[in-house]
Amino acid sequence: DKLDAVTALSGSGPAYVFYFLEAMSEAGQQMGLTQAQAYQLAVATFAGASELARSSDEAPQVLRQRVTSKGGTTHAAITSMEAAQMGPLFQQAMLAARDRARAMAREFGGA
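Its first residue numbered 161, the sequence shown is counted upward by one per residue in the working numbering.
Read the hints as simulated data drawn from the structure, not as lab findings. Warning: the hint list may mix true and false statements.
[Said to hold, decoys possible] Ranges between beta-carbon positions, derived for each pair:
1. Q189 to G269: 44 to 50 Å
2. Q251 to T205: 18 to 24 Å
3. E186 to G269: 36 to 42 Å
Quantities reported herein were computed from a predicted structural model and do not represent experimental measurements. A virtual CB, placed ideally from N, CA and C, is assigned to each residue, including glycine.
Working from the sequences, and respecting the hints, build out all of it.
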């Protein structure tokens, strides 16, 4: 069971990051940036946030709260994501990946 969770989280994880990079890049383009500018900014943002998370002992929630000013631009974006149930939706997607890993194990005789 843990292998299926690892597959859903880490094995499929790079695709999730690329998906978010794609969405952020497209949003940047919609706001007037060139494709290259939007992509470079999105990649740099992910790299910086990932490095901060990797080098910190603090939980992601704490890190997010530290960079979110109440009433600011980040707060507006997070509020929009929460209203769209992005967290639960993402969790549901990962459960779908885990369930598919389980099904594949059964299909190929692994369980």
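Taking the CB of Q251 and the CB of T205, does the distance hold inside 18 to 24 Å? holds, 22 Å
Lying within 44 to 50 Å: is that true of the beta-carbon distance Q189 to G269? At roughly 46 Å between Cβ atoms, G269 and Q189 fall inside 44 to 50 Å, so the hint holds.
Taking 36 to 42 Å as the stated bounds, is the beta-carbon spacing between E186 and G269 within them? holds, 41 Å
This entry satisfies every hint, going by the numbered hints stated previously.
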